[in-house]
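Undergrad: As a plain string of letters, each chain reads:
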Amino acid sequence: MVTYSGKAKDVKVLNDKEVQISFRDSISAFDGIKKEELPDKGITSCLTSVKLFEILDGYGFATHYISKIDETQMLCKKVTILPVEVVCRNISAGSFCRRYGYEEGIRFEKPLIEFFVKDDEHHDPLITESVAVQMKLVTENEAILMEAITRAVNEVLIKIFDLISLQLVDFKLEFGKTTAGQLLLADEISADTMRLWEKKTGEKKDKDRYRQDLGDVIVHYKDILARLNAIQKIPKYMPLSTVQVIIRLRKSVLDPAGEVIFRSLSRKGFNSVESTRLGKSAEIVFNAVPSSELQSEIEEISAKILSNPLIEDFEFKIQHHSEKNEKEYVEEE
Amino acid sequence: MRIGITKFPGTNNEQDVLRALSCLDVKGELIYPWDVKKLENFDALVLAGGFSYGDYLRPGGIAAQSPIAEALMDFEKSGKYIIGICNGFQILCETKILPGVLTTNLSTKFICKWVNIKTENIQSPLLQNLEQIIKIPIAHYEGRYYHDSTGIKKILTDNTVAFRYCNEHGEITPESNPNGSLENIAGIANTRGNVLGMMPHPERANFDYLGSDTGKQIFANLIEEIKC
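Chains A and B are the protein sequences, given in the same order. Just so we're aligned: 1220 in my numbering is position 313 of the first sequence, and the numbers increase by one with no gaps anywhere. Just so we're aligned: 116 in my numbering is position 127 of the second sequence, and the numbers increase by one with no gaps anywhere.
Please keep in mind that the hints were generated in silico from the structure rather than gathered at the bench. Do not take every clue at face value.
Straight-line alpha carbon distances no greater than 16 Å define the calculated EDC-like cross-link-like pairs of lysine to aspartate or glutamate that follow [unchecked claim]:
no., chain 1, residue 1, chain 2, residue 2
1, A, Lys1158, A, Glu1181
2, B, Lys85, B, Glu59
3, A, Lys1129, A, Glu1110
4, A, Lys1025, A, Glu1036
5, A, Lys1158, B, Asp137
6, B, Lys16, B, Glu213
7, A, Lys958, A, Asp977
8, A, Lys1211, B, Glu59
9, B, Lys98, A, Glu1166
10, A, Lys1187, B, Asp44
11, A, Lys1129, A, Asp947
12, A, Lys1224, A, Glu1054
Partial list, derived from the structure: chain A residues whose beta carbon lies under 10 Å from chain B [unchecked claim]:
no., residue
13, Asp1162
14, Glu1166
15, Leu1213
16, Ser1214
Note that CB positions come from ideal geometry on N, CA and C, so glycine has one too.
Modelling step: build the complete structure from the supplied sequences, incorporating the hints.
TA: Printed below as a string of structure tokens:
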């Protein structure tokens, strides 16, 4: 059996489909320059991850989590971890402030999504989506899906932490791919991978306590876990996804309507217009979170019903549908 | 003898088909998109023209997703007769019972006029004893027959083109092609010959005083075949 050791976890490959992830008591920051062993860190991070994965599973997110083995170990699906991780920011903090020189605590109107390359040698640099796609770290489809999933996770986690008086400042997600090509939320989701502030006082409850030597790291980690465990009822609510499908006449098919528009534009003096083609677009809202399965479903709908493959082709972009939920926030506040 | 005439929301030619049949002493019956169970009681189906479901998406596109369209495939396989007229032809193509697709006229205009079509010599009882040149009305915006080159080749090899647009002398010319259909195709049959799809309206060429009665023979053939 092969075992991979990370900075805070060991991953043991059990078989073709499953791995066992063990959480150690190690904590580290700044690419491992600062590291330490903190008693109970492994247990707390593991149980927090278990709890959050179970919550996300409940909302329909596809995750690698299968079950809890014991207090420091999870059974997970075997995946190939994508070399790009996604960070979602609701409030400015951490590397965002260092990189741009902005102060901590700026609330973003729309959550910011950032991609980072997992590359210790270059200190996990920020990467644009187009570079990540160009360098074949992820496909365009994967990048779109990763962003959509991250936004949906953000929406769910904000609600969950709000229930226990914590403010979700930012978090990091890692994604893995199964051999079948399914994209899954992977790694861990814990106080090590997010920033949480006490809602009333703004007190830091996360790994920044370690980074900034604020002390009582595990006390606060344990407090987060205790509050999560105390939630009586996970709120019922359905994250939505929205997709825009664009249907085009194939290049080989004459487009009389496009021709008419072209002639009309030329007559109006828009001489730089070289050609026009007219297509259709459909906007569909799904009561499901973004996922590889949803992507396949949209593909089937587009190929079999929305378009006639003889004369048309299509493309689509899946997005997390947040409009409705933004309204809900206003009501809550 | 029971002949069903499909009535989708937006179908508007069913009364003309009923009248065409009643001239031949057959009482047609309307059948609705959800009447799948009734289907087996019918000996033949006529998919009447119009704008099923507003022709949203593509002409016939939504109708092709309806329960009755899903059952159409078995109906066809059983050897029973189906005639699709105009929107009915579009539905047959969308369900892939007939090959190809009907798309926007080259002129981008709705064309409503009398045309001439030439009856091709193919293996379908529905085309027996038809006049060589038929004067018949068309009324459509999306009647341009299209298939990719392999598809067209197959249709020609299979010899399933039923009607071609032609001039009054029966010559297949570009000028007599009203909508830009490939190969001047106005109607096609399946290889077995029990399914016929056509853009022109035989039910409107049923009386001399309306301009022509040459469409009548198609319905007469249908009735004759069911009797056999």
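Undergrad: With a cut-off of 10 Å, does the beta carbon of Glu1166(A) approach a beta carbon of chain B closely enough for the hint to hold?
TA: holds, 8 Å
Undergrad: Are Lys1224(A) and Glu1054(A) close enough, with their CA atoms no more than 16 Å apart?
TA: Holds, because 11 Å separates the two Cα atoms, which is no more than 16 Å.
Undergrad: For the pair supplied as a hint, Lys1129(A) and Asp947(A), is the alpha-carbon distance within the 16 Å limit?
TA: Roughly 9 Å separates the two Cα atoms, so the pair holds.
Undergrad: Quick one, are Lys85(B) and Glu59(B) close enough, alpha carbons at most 16 Å?
TA: Holds: Lys85(B) and Glu59(B) sit about 11 Å apart, inside 16 Å.
Undergrad: Within 16 Å, alpha carbon to alpha carbon, are Lys16(B) and Glu213(B)?
TA: holds, 14 Å
Undergrad: Going straight from one Cα to the other, do Lys1211(A) and Glu59(B) come out at no more than 16 Å?
TA: Distance of about 13 Å is within 16 Å: holds.
Undergrad: Compare the distance between the alpha carbons of Lys1129(A) and Glu1110(A) with 16 Å, and conclude whether the hinted pair is satisfied.
TA: Distance of about 15 Å is within 16 Å: holds.
Undergrad: For a C-alpha distance cap of 16 Å, please report whether Lys98(B) and Glu1166(A) respect it.
TA: holds, 13 Å
Undergrad: Check whether the Cα positions of Lys1158(A) and Glu1181(A) lie no farther apart than 16 Å.
TA: OK: Lys1158(A) and Glu1181(A) at ~15 Å, within 16 Å.
Undergrad: Using 10 Å as the Cβ threshold, decide whether Leu1213(A) counts as touching chain B.
TA: Given a least distance of 7 Å, the restraint on Leu1213(A) holds.
Undergrad: Taking 16 Å as the top limit, are the C-alpha atoms of Lys1158(A) and Asp137(B) close enough?
TA: Roughly 12 Å between the alpha carbons, so the hint for Lys1158(A) and Asp137(B) holds.
Undergrad: Would the hint on Asp1162(A) stand, with a C-beta cut-off of 10 Å toward chain B?
TA: holds, 8 Å
Comparing the model with each numbered hint stated earlier shows that all of them hold.
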